[in-house]
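Student: Next come the chains, spelled out residue by residue.
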Amino acid sequence: MTDRKVILSVKDLVVKFKLRGKVLTAIREASLDLYEGESLAIVGESGSGKTVLTKTFMGLLDANGWIDSGSIIYNNQDLAKFRTEDDWVKIRGKHIAMVFQDPMTSLNPLKTIGKQVQEAVELHQGLKKDKAKNAVLEILNDVGISDPEKRYNQYPHEFSGGMRQRVVIAIAIACRPKILICDEPTTALDVTIQAQILGLLKALKKKYNLTTIYITHDLGVVANVADRIAVMYAGDIIEIGTSEEVFYNPQHPYTWALLSSLPQLGVKGEPLHSIKGTPPNLFLEIKGDAFAPRNPKALKIDFIEKPPYFTVSPTHKAKTWLLDPRAPKVEPPESIKKLRQQWRVENV
Amino acid sequence: MVKYTIKRLLQSIITLFIIITVVFLLMRLMPEEGYFGSGYEKLDEAQREAILTSMGLRDPIHIQLWNFYKGLLKGDLGTSIIYRPKVPVAEILKSKIPYSVSFGLAAMGISLFAGVSLGIVMARSKSKFWDKLGTGYIVFINAVPAAVYYLFLQLYITDIFKLPILFNPDKPSSWILPAISMSLGGTASYAMWMRRYMVDELNKDYVRLARAKGLRDKKIMVRHVFRNAFVPMAQYLPTSLLFTISGSIYIESLYSIPGMGGLLVDAIQRQDNPLVQALVLIYSSIGIIGLFLGDILMAVFDPRINLQKKEGAR
Amino acid sequence: MSNKKFDKVADSINESLFEFAEYDDEAAKRAGYSNYSYWRSTWKVFMQNKVAVFLLGLIVVLLTFTLIQPYLPNQKEPTKIYIDENTKMQLRNHPPDSEFWFGTNSIGQDLWARIWSGTRTSLLIGIVVSLWEALVGIIVGALWGYVRALDRLITEIYNVINNIPTTIILILLTYIMRPSLITMIFAMCMTGWLGMARFVRNLIVIIRDREYNLASRCLGTPTRRIITRNLLPYLVSVIMLRMALAIPAAIGYEVFLTYIGLGLPVSIPSLGNLINEGRALMMVPSLRYQLIFPAIVLSIITISFYVMGNAFADAADPRNHV
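Chains as they are written, first to last, in my numbering: chain F, 1 to 348; chain H, 1 to 314; chain D, 1 to 322.
With the rest of the complex left out, here is chain F (with noise of 0.2 Å):
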């Protein structure tokens, strides 16, 4: 693993917004590299900051947003420096691309779907006319559209929410960029179409060799997809690793809570988990680990001092005080224990 090249490595990135003549502080100095030709999947709750995360790699922050420090190195280029259109046309679509959550009002309604891909075709591939339009075609038939020579004139009105996503897919493949980011790709959709796309996006990421990042809060796609994952709380990266390694043996206790609450995990019969209270209030500043008031079994440090990533393997870390030699030894859950037992009887 260690092996593959970083293609994007972000650094202690601090992101603020203002809101209603306050400054509200979406990224508390996350950390991230991305390995070429990885599947790295962003997962939290709403408002963890996993969008905002990812905007920044595009320049796609809101007017009232900036990036206060830290930085996002790519094609060793720090991207958080960028300030002109200029800058950032260079990086959309040609080395990074999107596909956004609504495919609903993803896409423009009053021009048929034909064009929206040909305009991306047209930008990145170099090609004009007719000869685009047998691009446009063939990607639509990647992305699983039948009767494409159809459906180039139609309008997005006239397409069901899958087909609509898969449109937008087309449209990203068709930028031909090396990392493509999946903001929540199928949360609009019906579950049975969920495993369809997530099946086209797989073959996509080999057919292309593109390099993914799924933004999701839910686990069961990231189970599906996803060769590491990155747990993000309160604007920060909280837990990072393999797909095994922070299933089975997850260390931050918002890791526990959250496997914790997933309905699979729970014994018939006996009340679901649910964590207690809410996410904080980003408007204030956060002392120490965003997540103690939440956790039962807090240390006072953790009200103090923001814990730093702790080593449990070359691929895994986490920001948690517990992980400190001087740290009392700390139980997770039942249900987080019986993970690990799985996992051990398949694996050994």
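Worth flagging that the hints you see were computed from the coordinates, not collected in a lab.
Watch out, some of these pointers could steer you wrong.
For lysine to any residue, the following SDA-like pairs were computed, each having C-alpha atoms within a straight-line distance of at most 20 Å [stated by the list, open to error]: (1) 205(F) - 54(F); (2) 115(F) - 49(H); (3) 111(F) - 74(H); (4) 204(H) - 64(F).
With the C-beta cut set under 10 Å, the calculated list includes, among others, these residues of chain H facing chain F [what the hints assert, rightly or not]: (5) 206; (6) 231; (7) 301; (8) 304.
Ideal placement from N, C-alpha and C gives every residue a C-beta, glycine not left out.
Here the structure of chain F is known, so what remains is to put chains H and D in place on it, guided by the hints.
Tutor: Just chains H and D now, with coordinates in the frame of chain F:
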């Protein structure tokens, strides 16, 4: 598309029918003097009755209505009594319409161009200089009654630019100020709508996707946003046009333009009932016709409206 | 984070800090609490709009002045014709001076008094009409929205009336009923309530169908509370907006009708009349003041109400709240 047009056409015709009937009935309440001109006092009761009966005004209401529609289909809008005695209204209108139409078209053209441009500039410079300036302009035009600023324009601009004060068909420069004055209101409206719709569109998801594709903002404005923002505006255009053509009442009297708007003022002042009736009916119908045309225009631009099963964008 | 920094931090950490902290249930929930009050936020946002606040002050001053003007010392009557002591002639077209602050008009009446009297008349029309609009508009709108059986019928009526231009209806009614103060108020009332009714009706329909209201009902919220918490804030702000805008509109229509010749009789001074009178003389530069003064007063009033009404509507929109 055809089905939709026919459906709207039928709807409009029915509403038109209702409007004409209602207005016609209302007109039966007009003061009687309006049918007599200067001779009203000189006639006694019996003579007045005789004249009213001969005009069909003493017939039962449904007979009057029926006769009216019969005449309407023949193109008979009544005969003027006071303004131009014994001259059919239709003929009077014929000489007035060309002026109103020409000024209307000129004003519409100016306001559309100026308004849409201003709206775009305002949307792009949101909350900055041009937006504030444009907003100030729109506020002024909307708040202050047109009569007031038309007056001041006539007063001071003619002085500054040495333009003729009254309209003269032989002097081309006398066309300028009335046309521009007429366009001020339209400019304000179009600018306001254009800005609003563009700002709405700019917040939409598909714009985000276009940026993510790597398109430059300028291209997005032109290719996606402008066209999308223009569509909801299209429905207002025919109505605006028709009303502008029907002649601004103020402008025409201010500049002594012999158009339809001025005609209404005269008719009222001289109490020429048949003329007032005809004009009121015409103005009432214009609204419906404009609305119908506006819907059709929208359907042309917006593919979503074409299919009967899907809901319209309105 | 470099290792050096970490070591420094690590060294300075006291061992005792690695003990368990007390778990506070309340603290877990506290993070999300907000102290939001709709009306307070509305007021706050409105106050931030300096222009609107200024104009609000201006209107208050103007209104008070208009009302108390006749009772101030040295004020003249608006309809009294003033005779020059020496020549025994009417003091016609006297330019502004220390006695007649705005000068006199073409038959010797004091323009200052006439303008304020005219303002009173115009404001009266505007306020009466807007109150009527509010009253009838809300009642009709509510019925229209609630009673499903009436919906179809009233919608058809609305369509017919709405398509006839307001100016035409006003002209028609005034023509038929002969111009007078009552006629004018009547005619404007007849056309004004439509817009308000439509607004209210739309709101009511939305109220019924919006999910958060269904949710409120499911939770057992009493209807009264749904009305006061969900419906009323919208209603009041919409009403106030329309009332504020109704005044410039009424003045506009009044000027329009006067222009055509269907305005108030000359014995009742109104801004429309004054403008019309001024218009007759505007070609003579020395007499232009008779047009300019009423025009300025009228502009100040209409612009102030318009801007204030819109500013309040913006402030009442929850999306702009702090």
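Student: All hints, please: hold or fail.
Tutor: How the hints compare with the structure:
1. 205(F) - 54(F): This hinted pair holds, its Cα atoms lying about 18 Å apart.
2. 115(F) - 49(H): It is violated: about 73 Å lies between the C-alpha atoms, which goes past 20 Å.
3. 111(F) - 74(H): 47 Å, violated
4. 204(H) - 64(F): Since the Cα atoms of residue 204(H) and residue 64(F) sit roughly 16 Å apart, the hinted pair holds (cutoff 20 Å).
5. 206: Holds, because the Cβ-Cβ distance from residue 206(H) to chain F comes to roughly 4 Å (cut-off 10 Å).
6. 231: 7 Å, holds
7. 301: 8 Å, holds
8. 304: With a minimum Cβ separation of about 6 Å from chain F (threshold 10 Å), the hint on residue 304(H) holds.
In terms of the numbered hints stated before, the structure departs from hints 2, 3, listed from lowest to highest.
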